[in-house]
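Q: In order, the protein sequence lines correspond to chains E and W. With this note's numbering, you'll find the first sequence wraps up at 789, consecutive numbering, no jumps. With this note's numbering, you'll find the second sequence wraps up at 296, consecutive numbering, no jumps.
Where hints are given, some of them may not hold.
List time: in silico EDC-like cross-link candidates among lysine to aspartate or glutamate, alpha-carbon distance up to 20 Å [said to hold, decoys possible]:
1. Lys118/W to Asp726/E
2. Lys278/W to Glu715/E
3. Lys119/W to Glu715/E
4. Lys118/W to Glu140/E
Simulated from the structure, these hints should not be mistaken for laboratory data.
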Amino acid sequence: MNMQLTDRIKRMRERIVMTDPIICPERAVIWTETFKEHEDKPPILKAALALKNTLEKMTIHIFEDELIVGNQGNGLRATTVNPIVNTWVIDELDKFEKRKGSKFCISEETKEIIREIYPYWQGKSVYDNTIAILDDITKEVMDALVFTCGYTLTKGCGHWLLHFKPVLTGGFKSIKEQAQKRLAEIDLADPEGVDKVPFYQAIIITCDAVKTFADRYSNLATQMAQGETDQSRKQELELIAKTCAKVPYEAPESFYEAVQTIYFVQLITQIESDGTGVSLGRLDYLLYPFYEKDLQEGKITKEQAEELLDCLWLKIGTIIQVWNEEDTKSFGGHPISQAITLGGMHEDGTDATNPLTYMMLETTARVHMPQPSVCVRVNKNSPSDLLLLCAEVIREGLGMPAMYNDEIAIPSLVSRGISLPEAREDYAVIGCVEMGIQGKLCAFANSGYFNLLKALEITLNDGMDPLTGKQLSSQTGKPSDFATYEDLWNAFCKQLAELIKHQVAVTNVVDTMHARLAPLPFVSAITDNCIDKGLEVQSGGAKYNYDGIQAVGLADVADSLAAIKKHVFEDRSISMEKLMEALKANFEGYEDVRLLLAKKTPRYGNNDKYVDNIARDVTKVFCQIIEKHRNLRDGFFVPGMYSNSANVPLGEVCLASPNGRRAFTPVTDACSPSHGVEKNGPTQAALSVANLDHLIVTNGTQYNQKYHPSVLSDEKGLQSLVDLIDTFFEVGGYHIQFNVVSKEILIEAQKKPEEYRDLVVRVAGYTAFFVDLNEEIQNDIIDRTELRF
Amino acid sequence: MIYNIQRFCVHDGYGIRTVVFFKGCQLRCEWCANPESQKMEREIGFYKNKCVGCGQCEEICKQKAIDLQKPYHIDLDLCNLCGDCVYVCPAEAYQLFGEEVTCEALVNEVMKDWRFYKKSGGGVTLSGGEPSLQGEFLINCLRMLKRNGIHTAIETHGYMDEDFLDELVSVVDLFLFDVKHMDSNKHQVGTGVSNQLIQENLKKLAFVYGKDVIMRIPLIPEFNDDDNNLSKTALLAKELGLPVDLLPFHNMAKGKYDALQRNYKYASNRTQDDSRLKEILELFTSYGIDAKLRGR
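Looking at chain E on its own, in the form it has when it is part of the complex:
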C-alpha cells in the first residue's frame, strides 16, 4: 500500500486540518436579494436565478497548491446557510462557537448580516409551513420523541446520489440543448405544458450559471498565473485555467478534466441544496475509462493520477454542513456523509473492480480524512486482494471502508421495482447505508428516526406516554389484560402502525414543502427523468422516488419482549403487575427484578434463536408497516435500521425498560446488540445480526464492530477480518464497519466500561473484550497502542 503523501498533499492536508470551519453568509444574502427581486416568478425560476446570482457573485478562491479547484463558501472550510430550511440559525447565532461538539466560528459581522436577512423568510420556510399544517396529535407524538423529523425540517433533503454520467459524456452544454429542445416543443394547448415552461427556463439558466462559475475560476487562474514567478506553479495554474474554461460545460476528455468535473458537480449541489449525504457513488467505475485512456496514451502516470485523487479527496473533505444544536446530538461530529462507493458489479453481474478501486482505497488511507466516506460493494466474485486491501485500510483506524453486500442490496432493490441491470450497475450507497440508484432517484433517505422502544413503552401503558401522562395513541389494552405473549405482540403491532402513520404524515408534509419552497434546478438538470418529464426532482421528476424511515432501539425491544415472554408468560417467575411497578420505579427497590430481566433472559447478540427471532419479527413488522405507505412523488416508503447517534436522545425520553435498561440511558445503536450482552464474541454477535432479514430493509441496516489494532497487526489478523466479513455476508448481513480504536478511546473505555462492552482487543495470543480484562492487562494494551491519528 502506497502511504507516501507528496509534499503538495502534505501541505494541503495540514492547512485543512488546522482550519476551523466557519459560517459564510454570502449564499444566504444573494438568495434573499434574488427572491425579493423576483417575488412574482414561479419558485423554480426564483431558485435558478438565486443559484445563478450566487455562482456569479460569491467570492471564489484558488488556494495554494491546489490542482482541483472550487470553494463552497468564502474560506477554506466555510459552510453556507439556506434560510428557507435553516430557520433555526437566527436563534443559534451566539451558540455556534460554544457548542460541545460540531463547533463553527462565526464573525459578529456575519451574525449582523444574518439578523438582517432572516426576517424576510418568516412564514416562507419549510419549517413554518409544515408546523402550520400538522395535526396537534401528530405534533404531540413528535414532541414525545416517538420519532424525530429534525433532519428534513431543518436541513435540505441532501442524500443525492449524483448523476455524473450525462455530465461526463455531454457536459452541461448537452443538458442545456435538451432543455432548449423541450422548451421549443411545448404546446401550451396542453395544460401540462404551462408548468414546464419555467422548469426548462430554469434548467437553461442553471446550465449557463455553471459555465459562468467555471469560467470565473479559469479567469482567476489566468490572472494568478500571470503574477506567478514559480514556473511549475505557473504551468499548473495555466492548466487549471484551460480546464475550467472547458468543464463542466463541455464534456471532459482527460482524467484530470473528469476529476475537476466531478468536483464541480459535487460542490454546486452542496451550494444549491443544503443537505448532507450528497453522495458521489461509483467513482472508480465512472472515472476508469478516462484513466485507462490517458494511461494508454501516455498522458498521465499512475503517480500523477494518485496525486489528483488525493486532491479530490481533500477537496471533498473541505465541504462542510451545519446542523442545529439539537440535531448535533443525533448526528455527532461532522457527519457530512459524502459517500463514495467502490467495487461492485457491471449490469451483467460480472465483477467491476478495476485499478482505480485499489488506488482510491489507498488514497483514503493516505490522506486520512473523515470525509469522503468510502464504501465498498462486495459480491461473490470480488477479488480476494481487494478484500485484503480493505482490511489494511480499516486497520488505519478511520472506520473506512464500510463494507456492503451486493448479494443483499441487489435483490432488495429489485424487490422495490428496480430493474435487475439498474440494481447491479447503478446501486451505490447514499449517505450512511441507504441503498440508492445513482442518478435516477429522489430519496428523502433520512426522513427521521422511529423510536421502537418508546412504542413498546406506549404499548405497555395502553396508548399513554408514561413520561408525560399524555394519551398519544389508541387504547390497545392494559398490561394486565394480556393473557398471552401474542396479545402483547398484537397490541405492539397496532401501536407501531398508528404511531408510524404520524411520522409518514409529517414526512409527506415536509416533502411537499421542500418541493414547493426549495426547488432544486441544478439537481433536476442531472437527474433522470426530470428533463423528460419537465418536472423538478423533489416534485416527482426523478425516475425512482422513495422516503426512508429508520427504526432505532431494536436490541432493547427484542430483549424486552424476550424478557416478558419468558418471565411473565412462560416461566411465570414474575407477574406483569410487579414488572410494571419495577419499571415505574426505575428498578429502585426492585434490583432482584432487574437482575432477573437482564441476566436470566436470552439476549440478542449471542446467536440465540429465542430472542434473535423476536428481533427478526420486530424488523419484519416494522418494514411491513413502513413499506405500505405512499409518498408525495408517487413513490413509496422504505424501512431502514441505522441510528447515527440518535440512540442517545431517543433513550433520554424512555423510562426503564423490561430488558433491565435504566431510565433515560441511551437505547442501542443501529442493529447492534445492547452493550454488555454479547458474551460470545464478535462471531456470534455477527450471526445474531445476520439473522435479521436484511433483504427487506432497503434503506439499509448498519452494524459496527470495534477492534483494537492489535487484532489486525499481521497478515493472519487481516485475513481473519476478511473471513469474518465474508462469512457475515454469506449468512445474509448487509453492512458492516469496523472501528479500530485509539489509545484515548481505550482510556475512556476503562472509565466507562458499560459503553464499550463490545470493544475487542488482542491480548497475548488471543482476542478478548477489552472491558473484560483486568486493569493490569488493560493498561498494558493501552501502552501498546500505536495508531496514527
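Keeping the supplied structure of chain E fixed, place chain W upon it in accordance with the hints.
A: Leaving out everything else, chain W in the frame of chain E:
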C-alpha cells in the same frame, strides 16, 4: 469441566478458531498464565478493582463467606461456590471458574461458528489447563468434532502415557506442543515433573506418526530464555523438523492470582524487550527453523 470458551481466536493455530479451556493440570508451572486452570475443582475469583462497594454480595451470601472489609472479600473456606454473588454483582467483580458440560453441549456450542472455520480454514483448539487430564471427555469431544468435519487442535504439555497418545493421534489434526526446558532437572523444578516422558511423546508424534506439530516455547525469564537452553531447544526442533512458536513472557496473570488469593512468583518480572525477542527469533531461524513470535 471447562472454564472458558474463547471465540474468534486468530493466533492459536490455523484460521479463525474457537479455543476451549479445560480445567485442571498435573503440572504446576511457576509462571502459569492461567492460574484458574490448574485445579480440577470449581473456583471463585474476586477482582478488587472492579468492585463498586455496593454490598449486595455480602447481603445475598447465605454462607456468610463475604466480608466487604476484607481485601479479597471471600473467605474461601466458608464459600460453597453457589454463585449468588456473581449473579448480583453489578460490576461483574466476581467470577466463577469451572463449569460441568456434556460433550454434546460443548460441541453444539463450538459448532455455532462452523461457517467461520470453514471460510478461514480454522477449527477448534482444546486447551487448558491440560485437556488430556480429562481423557474420556476429551476423546469423545474430539471424535464428535471430527464427525462434524472440524479441524481439531490440542494445546498440551505432552505429559501423558503412551496409550493415550496413540488414541489422541487418531482424532487430533494439529498438536501445539509445549517445550519448556531441555534440562530434565530444571524442568522438574519449574513444572513439578521431569521432561523425559514429554520429549519421548514429542519425538513419537513427529517421527512415528508424522503428525502436524508446532512446538510452543513459553519464554520464561531466568528459567528457559537463555541462549544455552534455547540453542538446545532449536536443535531439537531441527532434528524433528518442526516449526516453533515463541511466546514472550507476560505477567498479565497477576490480577487473576490476586483474584484467586494466590501468590505469583513472577508478579514483578517483565516481558523480554523487543531486541532480545529479535535475537531469540534469529537464533531459531539461523537453524533453518520456521519460527514465529506470538503464534500463528
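Q: Are the hints correct? Go through all of them and say.
A: Status of each hint after checking the structure:
1. Lys118/W to Asp726/E: Status holds; Cα separation ~11 Å.
2. Lys278/W to Glu715/E: holds (19 Å)
3. Lys119/W to Glu715/E: Given that 20 Å is the threshold and the Cα spacing comes to 16 Å, the pair holds.
4. Lys118/W to Glu140/E: Distance of about 53 Å is beyond 20 Å: violated.
Checked against the numbered hints above, the structure breaks only hint 4 and satisfies the rest.
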